[in-house]
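A.B. asks: Sequence:
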Amino acid sequence: MSEDSWAAPRAAHLELDERVASRLRDHLPVVAERTVSAIIAEVPAYSGALTGAMRDKIENAVRIALGTFLQLIEGSQSADPSTPLTPALEAAYALGSGEARSGRSMDALLAAYRVGARVSWREVSTTTVRSGLAAGTVAEFAELMFAYIDELSAASVAGHADELASAGRARRRNLERLTQQLLAGEPEDSLRRSAERADWPLPQTLTVVLLPRHHLRAVLALLSPHTLESGEDLPGMNQAEELAVLLVPDMHGGRRRQLTRLLPRRRSVLGPARPWHRVATSYQRATRALALGLGEPDAGPVDTEQHLAELLLSMDPEGLADLRAQALRPLASLPPATAHRLAETLRSWLLHQGRRDDVAADLFVHPQTVRYRMGKLRELYGDRLHDPATVLDLTLALAVAPAPPSEPG
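Residue 1 is where the sequence shown starts when you use this note's numbering, and the numbers rise one by one after that.
It is worth saying that the hints were derived from the structure and are not from the lab. Keep in mind that the hints are not guaranteed to be accurate.
[Said to hold, decoys possible] Label-pair distances were calculated between CB atoms; the ranges are:
| no. | residue 1 | residue 2 | range |
| --- | --- | --- | --- |
| 1 | 118 | 221 | 50 to 56 Å |
| 2 | 220 | 138 | 51 to 57 Å |
| 3 | 143 | 220 | 44 to 50 Å |
We put the CB at the ideal spot given by N, CA and C, even for glycine.
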């Protein structure tokens, strides 16, 4: 409401003489005291909150607000239409901001205004009626008073909403900064300070989840409200589909399966659960699994815990290639197709611990074929197939199935 609205003709002809105005001003301390008492009694959010100095402060604010209203009414009859409405609205706005910072809701604030308006008018109307104001004037007075309190209420609501919006923006910035620090693996003491600034409760563990961004809102709705989200693009990832990064609290142990069921089947990756301040290692493992293309299409989310051997062997590709060349050197002089079949048989033989029938079933060949191929391998390797060190090297070298020989160009 602008100040000019209080100089409108409807307010200008209100007959409120100095005698009535003086009685109302004298009664303001009682009105303020009873108003605050009613708010404390009827609005649970203020029960126990308005005591001591705080109660004195609020009572004084009520006296000033009602005193300002009387000035507005008296001023509307003068030639000068200027009023003290702007300071009153600014004070109401500041009150709303303060209530938001105190953690009280908009509903509690509006309830306080409703109770305050009712009690204030009950007290003020008693004085106006006893002072002999005509019924029409009392009704006009009531309408203007409630319009004034509505203006104050609206200003307080605006202050409350703006404070929450401002605090929300600040908290989002703090959460985003914390997320980037966690993914970067910053020291624990720095992370703790950032978590405190962001008002983020420390979990026991965090699990990194990568998923298509268009599934983000639906998945977030099913997760803890303390789940963190990174707005940054995945470093080094040239993805046809934009991916989001989530840091999900306390989904370790049996809850990991629950988390897996919430994720879309395609392009989702779960890193390991890690102590919250070491979640960077979960992120590194998840992005590595994504880069390696682990898992089968449409087979469900990729759980890195089920691909540890592949992830480990991929850490040093050149080292693995050297180990493979060294371990398979006895096959190097053979034709590529023959070397591939023997390497494939040797891998299955190692994985099935020499059980010929299981090897035959795995390779879709006759057990006699397995016997023949293993005889050839024993000729090439000799007693080394019984040497634990050789067996270890061959197991690592052949952990990933040997690629078939390329066709001649």
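A.B. asks: Evaluate each hint against the coordinates.
C.D. replies: Against the structure, the hints:
The hint said 50 to 56 Å for the Cβ distance between residue 118 and residue 221, and at roughly 40 Å that hint is violated. Against the hinted window of 51 to 57 Å, the Cβ-Cβ separation of residue 220 and residue 138 comes to about 56 Å, which satisfies the hint. Take residue 143 and residue 220: their Cβ atoms lie about 48 Å apart, and the range 44 to 50 Å holds.
Figure legend: structure checked against the earlier numbered hints; the only hint not met is number 1.
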